[in-house]
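Asks: Single-letter residue listing:
Protein chains: 4
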Amino acid sequence: MPKKKLNVALIGCGFMGRTHSNAYLKVNRFFDLEYQPVLRCMCDLNEEKLKKFAENWGWETTETDWRKLLDRDDIDAIDVVSPNNTHRDIVVAAAEAGKMVLCEKPLAIDAGQGQEMVDAVEKAGVSNMVWYNYRRVPAITLAKQLIDEGRIGRVFHYRAKYLQDWTISADVPQGGDALWRLDAAVAGSGVTGDLLAHSIDTAMWLIGGVDKVTAMTETFIKERTHQATGEKQKVTIDDACAFLAKFNNGALATFESTRYARGRKNQNTFEVNGEKGSIFFDLEDAHQLQYFNHGDDAHVHGWRTILVTDSEHPYMDHWWVPGCTIGYEHTFVHALADFLKGIETGEPVRPNFRDALDTQRVCDAVLKSAKTEVWEKV
Amino acid sequence: MPKKKLNVALIGCGFMGRTHSNAYLKVNRFFDLEYQPVLRCMCDLNEEKLKKFAENWGWETTETDWRKLLDRDDIDAIDVVSPNNTHRDIVVAAAEAGKMVLCEKPLAIDAGQGQEMVDAVEKAGVSNMVWYNYRRVPAITLAKQLIDEGRIGRVFHYRAKYLQDWTISADVPQGGDALWRLDAAVAGSGVTGDLLAHSIDTAMWLIGGVDKVTAMTETFIKERTHQATGEKQKVTIDDACAFLAKFNNGALATFESTRYARGRKNQNTFEVNGEKGSIFFDLEDAHQLQYFNHGDDAHVHGWRTILVTDSEHPYMDHWWVPGCTIGYEHTFVHALADFLKGIETGEPVRPNFRDALDTQRVCDAVLKSAKTEVWEKV
Amino acid sequence: MPKKKLNVALIGCGFMGRTHSNAYLKVNRFFDLEYQPVLRCMCDLNEEKLKKFAENWGWETTETDWRKLLDRDDIDAIDVVSPNNTHRDIVVAAAEAGKMVLCEKPLAIDAGQGQEMVDAVEKAGVSNMVWYNYRRVPAITLAKQLIDEGRIGRVFHYRAKYLQDWTISADVPQGGDALWRLDAAVAGSGVTGDLLAHSIDTAMWLIGGVDKVTAMTETFIKERTHQATGEKQKVTIDDACAFLAKFNNGALATFESTRYARGRKNQNTFEVNGEKGSIFFDLEDAHQLQYFNHGDDAHVHGWRTILVTDSEHPYMDHWWVPGCTIGYEHTFVHALADFLKGIETGEPVRPNFRDALDTQRVCDAVLKSAKTEVWEKV
Amino acid sequence: MPKKKLNVALIGCGFMGRTHSNAYLKVNRFFDLEYQPVLRCMCDLNEEKLKKFAENWGWETTETDWRKLLDRDDIDAIDVVSPNNTHRDIVVAAAEAGKMVLCEKPLAIDAGQGQEMVDAVEKAGVSNMVWYNYRRVPAITLAKQLIDEGRIGRVFHYRAKYLQDWTISADVPQGGDALWRLDAAVAGSGVTGDLLAHSIDTAMWLIGGVDKVTAMTETFIKERTHQATGEKQKVTIDDACAFLAKFNNGALATFESTRYARGRKNQNTFEVNGEKGSIFFDLEDAHQLQYFNHGDDAHVHGWRTILVTDSEHPYMDHWWVPGCTIGYEHTFVHALADFLKGIETGEPVRPNFRDALDTQRVCDAVLKSAKTEVWEKV
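From first to last, the protein sequence lines are chains A, B, C and D. The opening residue of the first sequence carries number 805 in my numbering; numbering runs sequentially from there. The opening residue of the second sequence carries number 805 in my numbering; numbering runs sequentially from there. The opening residue of the third sequence carries number 805 in my numbering; numbering runs sequentially from there. The opening residue of the fourth sequence carries number 805 in my numbering; numbering runs sequentially from there.
Bound-form chain A, shown alone (with noise of 0.2 Å):
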């Protein structure tokens, strides 16, 4: 039977553009999925590279001004991959015009943001995601599904972490293309919302919602050369980021975020200890869940290692044998493949826009709380 197609529009060439690219070419072929998508308009600012890249990837077409995408009939679904300070004004425009949105994380530099877009795409009725991608690392599926399945119980504990070590040397410069990260007036905030994003967007889906904060923040290195002015300014991003938080269930937790953890690459872990078990799970080892299951027998109680390679595993079927790991990119293939899945079934895939303005609401309360110094509800 064949494929209903699905025109998609991407906008931005950066890191993102090239998991994103991927995902669309490789759904099919692993996924059995009444929808196809095409790869039909790749837009940036930078026309060179806007060639090259289209080219790499057979993006059919390009456009410089992502405007013009709003028009054209021949696309479907809007993707936006571009610094987060253009998310607003892309993804509010793409709504009204009726497309389908996709957006990275995080959602918007801020919740009053957000809010419009959640309110765009509400009122236009249009199908949206949001690429928290890591809800799709299967064995953070898993640990959703085990906690599901009630072998977890109450939940007493959190412990989230997110570290890395990329910013470390005072010789990095900040801003421009590829750096706009380490630009507030881009990227809204620092670790916060690039990496501490992530970490409570996986501990609501598990966990729940989030009552109060307390947050602290810190930039290491005061100033750094601009690569648009080529002049030293002063950092205006959190380099690292820590709070306390009471989840309304009861739960407690901390959440840890920083570039400044020499030998930590991509260290997102988190724990959750409830009465009748605990998990806990490192994106450095990505393909392992660790279970510690309470009701085995007192001697032989453990912390397991869950190889999660094996078609009983979330989304493991679709790929190789058991003990073949899978890698980064494919959390962006499973998220493709259930947002896919969410048009054919009506069922909408999550999260959406409305799950990632409540995350962005806690790292709004967070950064407020770091200036305020007093727990702050969200």
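By construction, these hints were calculated from the structure, which means they are not laboratory data. One should not assume that every hint holds.
[Stated by the list, open to error] Pairs of lysine-lysine residues, derived as BS3-like cross-links and limited to a Cα-Cα distance of at most 25 Å, are as follows: (1) C:LYS1172 / A:LYS856; (2) C:LYS809 / A:LYS856; (3) D:LYS1050 / C:LYS1172; (4) A:LYS855 / A:LYS872; (5) D:LYS853 / B:LYS808.
Keep in mind it's a predicted model, so treat the numbers as computed, not measured.
Fit chains B, C and D to the given chain A structure using the hints.
Replies: Using the frame of chain A, we list chains B, C and D on its own:
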């Protein structure tokens, strides 16, 4: 050459009574020291338990009233391992009687008591030590050495956890002989004084003084049967405590402790992230230290698992051969050896009572912040 | 610059058909190469399966008789992933027809066949490669690099395991479409050719030639239902095989493989112990390489866990960012990229058919020794 | 109740002299036993060393001629930890004198001597034990328990390694006081008797008798200075040994030992793969046992890391609290406690001399096979 005798009285037949008795018997077999402890007198309120204990360990005499020890000329040193709320009175009286004083951690119920104790020992000029034994885990001593060697450089982050799971069941009673740690009237606090005090002592030894903290505590099980009364009573200790901290040197820290982390038995961990390297330790793998050296060639960068069993490692030349581990109790032997060496050399051992008071002050600030919900200066 | 096209025909719709198809589609997106494979023709005996497969992966044409490929001018290279007992005939004919030849491992049923194949490709002078894909796991390529850099020095020991557990149940049938690996008539041998061949290829690449071996094999389940006949038949493959070996350079080795190691899914490990250092690898943690450097300061000696995800690591600059892993399928992309690069540069890729014949000879000696029960020269 | 005294004489002031002395002093503090060892007499050829040793450990008397012990009525038990080539004469004489006999492993230089020793103790009817102390690592005892509980089922595979790295340097001398293990005339063999004997004892305890073996040995450094003569002499011990084995029950095994595995300090490991589960142990992480239970739900299958520190675990209720580890020396305390319990209950402790003879026979077959290069029956 015959050893100089150091006549010891030990107060308290509990768990710590065993670890200390073992240390007194064992230290001279493995360490070449001028002084040799003599197990002169064992003291406890419970006479039946006392007799049995003294016989098992070879204590020469017994007392049920600790005040009797003050006038005995055959006692050089008094070692206090009775519940926390007894420390102040015993220590102050012992110091005034001119005895050397050793005391289990935490120093006292609060910093007010601790200050009295410091004043007493310093006024009397007697040798004193607080048994923060984990400093003497060879891997932790090695961590201190690596920092002192300049291998870590400017410290950005410190994160400590101390997780256990033995009070999750609502059927665990509070108070009484073995469970006084669950009775705030006797223990002073819950995990903060019992577990976090260790984490704080280690942290300040490795990194330096703490400037300020913001904390949260929780008591998950609100009522438990009290062993003394047989009645359900309100639980007043903290089952869990987490706090954010800033060190005086600008480093950021997170600390967390609980007895509700299913599957974590004695997981006392810390991680230091500095400009030049990082260190990680976990008491559940106490024979290892993890070390990341940024100075290694880039393509062989990696976390090293140092098996801390070689003769180059702190204390290990006194024990067996490479690859042969030691256990929990050895940390007390090391502390005692260092105490005896301190008497021998005139270079007082650390942590002394003043050091332990610094730790107590952080604990007090943590508990205060958990109530005030704002940052508290130490 | 437009790419030069390399028209490929792939024979075999099984598991390896998928990994190769994926590689052909993906290689040019991530590697900058002069040649671009074109998925010209897919070939399999089973027409229904073939149609579906070709459609899913975008193969332009199909054939059910591989001999048809020989005369097609639009085919430059033939890639053989059909069962082992078909390799010889196809490869010899393809080489004689002047096609480039790629072949899945093991090269053949035995060294006799393998020799014919080597003769054919060398006589024809066609490009050839055997898909020992694990050489292209970045961590294994890094191991090779560390050895070549002189970091290991004189090698004393090599130990390899390849453990799986998927045939323990007596209910697993043998033979037929998906399970031809369990039928000795089709596969040639059991774990020796399927798994140990990988271990041997890696070992000889890293250490050099094998002088002699002594081996044992076992078939634990003596009879299984054959899928083709529906009858219980004697199982003639080796379920398990272990052997001792001496390398030409004097190093000692142990090798073991089985499909009866409960809990081991794809545990392909090796360890090298040399005068100056050691290396350990486990395919179940394929993103890591363990390295011990004797040259480190003695008190910080330790096994390093190298997270092989940085741009300094082999192949990884083509993928994502530090800390982001790749998966099983990427090893095929790497092999293909290297093959294409070989055509581009005229520097033939390894392992070629001659290399694979060396591996086959070790396999033959192993199987022979298991019967003769004495050491066999390779 | 006063203890019954067991008057002990210990022969040998070396490394094992220390571990045994410690055990005699410590056992009754932690185990409630009817018998209490008395450190009656210490014996060694080197008088100076002997005096110092006896004083340090509190041995009441000393002898430089072990024959003197035979007639002393104040000696109940003789414990032999002198070099291997002295075991036979001492043990036979001690048994004939009616003394209980304890002996360090390996039992003897070869099975011929071992048989004489077994005959002597059995004829005399005296209590006897060989100190294969690793059986008393709680994690190994737990492994035995899990097998006895039927958790592993039919065993397919066993693989053992015992790797060290302390003789790689050509500057290490052989022979003499501390290094007699490197002198084949004194030790009997190299790693086979010193290390593999442990591995074999554990294996036969867990799995059962060994049917046949094929082995290889190597001496990497051909000449070393002998401490006694100061001359370079040929090295006659085996630096490394590996062998394949078949157990009587049909299970396959690999064994390997070396002192040339850079970075492995005391890595004594074994793995059991059975129909229902698997077990893995590593002495360098002696507080853990890895266990895979095929009976777990498929999506939570995983290797469990059992932290063997709970009161449910073998021996651990005698020590501290959950999460607190014990060390190498405790295995000797456990062995001694079991020996004393054996006297108390009349249920002889294992491994006795006969068990150790079985191990010796496997060692002999291994060494023979390394010469004959064929499989040897045990």
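Asks: Evaluate each hint against the coordinates.
Replies: The hints, checked one at a time:
no.	hint	verdict
1	C:LYS1172 / A:LYS856	56 Å, violated
2	C:LYS809 / A:LYS856	19 Å, holds
3	D:LYS1050 / C:LYS1172	18 Å, holds
4	A:LYS855 / A:LYS872	17 Å, holds
5	D:LYS853 / B:LYS808	23 Å, holds
Hint check: a violation occurs at hint 1 only; the rest are consistent with the structure.
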